[in-house]
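Could you build all of it, start to finish, from the sequences and the hints given here?
Chain by chain, the residues:
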Amino acid sequence: MKQTEKPPKSKKTLAQKLNTEKAAGYVFILPFIIGFLAFMAVPMALSFGFSFTRYNILESPVFIGIENYMTMFTKDAKFWKVFGVTMYYVFCSVPLRLIMALAVAMLLVRGTKASGFYRAVYYLPSIMGSSVAVAILWKRMFSGDGVINTMLQAIGIPCSTAWLGRSDTAIWTLIILAVWQFGSSMLIFLSGLKQIPVNLYEAAIMDGAGGFQKFFKITLPMLTPSIFFNLINQLITGFMAFTQSYIITQGGPRDSTRFYAVYMYQNSFTYNKLGYGCAMAWFMILVIGLLTFILFKSQNKWVYYESEG
Amino acid sequence: MKKKLLAGSLAAVMAAAAFAGCSQGAQTKTAKEPAKKSETEVNLTRSGDEKVTLSFCWWGNQTRNDLTKKAVDLYMSNNPNVEIKVEFTDWTGYWDKLSAMAAGGNLPDIMQQDYGYLGSYQSSGQLADLSEFIDSGVIDTEKINKSVIDSSTIDGKCYGISSGVTALMMDYDKAIVEEAGVTIPQQMTFDELYDISQEIYDKTGARTYFDGGMNTLKYMARVNGSSLFEDINAGDDTSVKEHFALVEKFAQAEFAISPDVLAEKNPYVVETKPINDGTTWNDFSYCNQYISICSAAGRELGITMYPTVEGKDTKPMYLQPAAFLSVAETSRNKEEAAKFINWFINSVECNEILMAERGMPVNTDVSEAIKPKADPVAQVVFDYVAEVNTVAGSVDPPEPEGRAEVDDLCNSIVENLRYGDITVEEATESFMTDAKRILDEAAK
Amino acid sequence: MVYPLVWMIMSTFKESGEIFKTAARLIPDTFTLENYKTGWQGFAGYGFGIFFKNSFIIAGISTIGAVFSSAVVAFGFARCNFKLKGFWFACMLVAMMLPFQMIMIPQYIMFNKMGWVGSYLPIIVPQFFGQGFFIFLDIQFMKGIPRDLDEAARMDGCSIYGIFARIILPLVKPALVTSAIFSFMWRWDDFLSPLIYLNDPMKYPVSYALKMFSDPTVGSDWGAMFAMATLSLIPIFLIFVTMQKYLVEGIASTGIKG
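Chains as they are written, first to last, in the working numbering: chain A, 69 to 377; chain B, 2 to 445; chain C, 2 to 259.
Hints listed in this document are in silico derivations from the structure and should not be mistaken for laboratory results. Check before you lean on any hint, since a few could be wrong.
[As the list claims (entries may be wrong)] Which stretches of chain C does chain B cover? Using the computed rule of at least three CB atoms under 8 angstroms from a CB of chain B, they are:
#, stretch
1, 17-25
2, 198-206
3, 222-230
All residues carry an ideal CB built from backbone N, CA and C; glycine is no exception.
Right, here's the structure in full:
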């Protein structure tokens, strides 16, 4: 590591040395390296270390080898339950959210006054985040006599389900919440769309391409870096989803909405088993890491970078 | 092999860091701050007394924060040599923060503690023994019921003074009860509750909620003259089985609130309790929540004791200490902290400000002195606590580590029972084995 | 789409106790500003004026730090080839995947030893060393810029640093603006690090103060909480509205030739 920080010995002046890609690369990422080593590396190593201990925060950790991991995989039935729930949530909400965000971004990309207004409107739900107000309202809307059922009845579907009370439907109220808050992904798509050079479209129109073709031949390929980013990012945030479950459903009914991050937090701080919580965290990193790795490897199949031709 | 080495060395590094964090952090941080402060303050004020700085941390809402700060200000004006720095936060955040502070070795001098957490903080040596201050008279406990002090006494040493007491209660809708023409006795049996529930349902359609959670389970053990955690350790499943049988009986009854609706209207959150909109006619809680439940329900509710089992001569009702004040073991000013706690608990002027916001004052004189000043809804609570006091047994010892996990275990088993996924036998068996395993692991 | 927000705003004008009871209705029976009054007073003499000021300090400084440091780091990853690049990139991703709660305790011990606990330093300073999310975002945008531009600039004698400052930075403005919007919002909403690191109510930000209206053990003042929560949305919303103009301008008009 250290060797690479020094540019190779040569007769060049310092300025010249620093102007090589190798050296400049390190100069540019230096802030990150310093920050990472100073603020992240030690806590990260510690949390990894904790995962091999019994540690209740109040007393010193006791080394117990891989016991936490063994418990996790073989004894803790709830662990696999929350893992399944989270996977389900991630794989349902992420694609839906991205499709929604992309569709709306396409509609709002024009710089007219009205679209500025709508952008704000569609972004609002994300601003509200997972505040208590959203939690309360969400519960109200999906209750047996709530707005959703009234609407369903109005269009002729007799329905009085307590959506949040049934273990098969409760998770969907949270998925809908996630999709509803598509604003941040939309924003990224919007800025991605803005980066597509106009002359590409001009050329396409000259070639007589229709709107459909323009979308699939130009917009979509040019947008793949943003899609890729959103996908990775949503994957990570999806796995880390916490507040929705914590304040709207409290994990119930019958653990059907208990997310991985919630269970991890409960173990760490409610049950005072930080060691076990850390083991859960590192398993999660392994899973997200693997998925991310696969996505990165698949990049050259579908992601188009202008700079790489 | 390599991996093992890596894991081993990591663990060593980490353990060293954590140790250092605990010991060094404690000394440098707490030692430095007050010392620095006192120097400058002394120079500034040129007073003869040495200035003492205490930190005081609690959880609470707007009302508690306002009142407690007021009381603290009064104390500071009475004792110019003492400066108290306050910190307050919400319940969940409080425990996150406190554990971080404990890990860093800088717990506040005075902290609000809870019955459920006191055990863990004590067993890890974070709390100061207050017995010496009680013996030396710094903290006056003469007017405090002995069971209150006992509730925070572990191995003969006292680790916190309760700043108020509360008691289990069943609250009910007066109008529905009246409409059904039934009378609610001061304390009924579970069988009576069943019959009354049926009658109310037949006449008014209002359903019944039966709390299957830990409060009732622990209470059931008390009915049988035992304590739940002792039962679990001893492998005695009598009370557990009785409890789950009751849960099932009340869940299968015609008058029961359905599990879906119950999951939606979470009875553990004041604002969504099923009694609020009249879905059920009753509700179970602690009486210090009575005022907020009434305001959430928008009407004055009736209040009665938890039901009991016919023909038992045990004393299942008890006064539960709410919000202890404890002193950190790392505190440099334990005696000053103890003085403050004494004032907080025993002085009328302080409690006239606090107005039983943390529960009924434990000092009986104080409690009587401030009662006339309380508003009518609060008076109901004063009377109820006084009433419970006449029949109360001694409180269970502080709960062992692992109790939070047992809590959740109980809740999820009860949920399965309500949905009819498992039988009472299965519920009992899985609770007994899992709870034992959890407690054993936590005790390691 | 906006029903929840309208509902929330309307609720702030209801009497505090009415919010839950009349949750199904939008329009309050009686119109009151009481919630704003009691809410603004804050707690124990610490008013929301203080909390807002603190939030602006934290979110403002953090955002400036995060946006620029991230852009610098991103350029390194996007445009330069150097040894161990993959390693550092992986470190960045792992750091993004680790929930704050899991490193909260060790980080607290560390900052405590550094004597930073009780100040804004543990919250703000790390922001100045690049944030994974923004770095990654910037990288994606920088990769979308054709290399021809760099080559041309090099021909003209521009150094790598010049390319970054004069060519790439202006071209990734949409990403920077997006980063700024997100960074401000996240720092504004974050309550966990203030909860852990601050110990004087004078320093509390809005996000943290909002938590204190509710207490599950004795009851909550929902009216005041909603009122203050509504106020706290205004700055993030304004940031979005002003910033999004720059998104619309975008670079399409400044013209890259593909």
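Each hint tested on the structure:
1. 17-25: It holds: at least three residues are needed, and the stretch 17-25 of chain C offers 3 whose Cβ sits within less than 8 angstroms of chain B.
2. 198-206: holds (count 3)
3. 222-230: holds (count 3)
Of the numbered hints stated above, none is contradicted by the structure.
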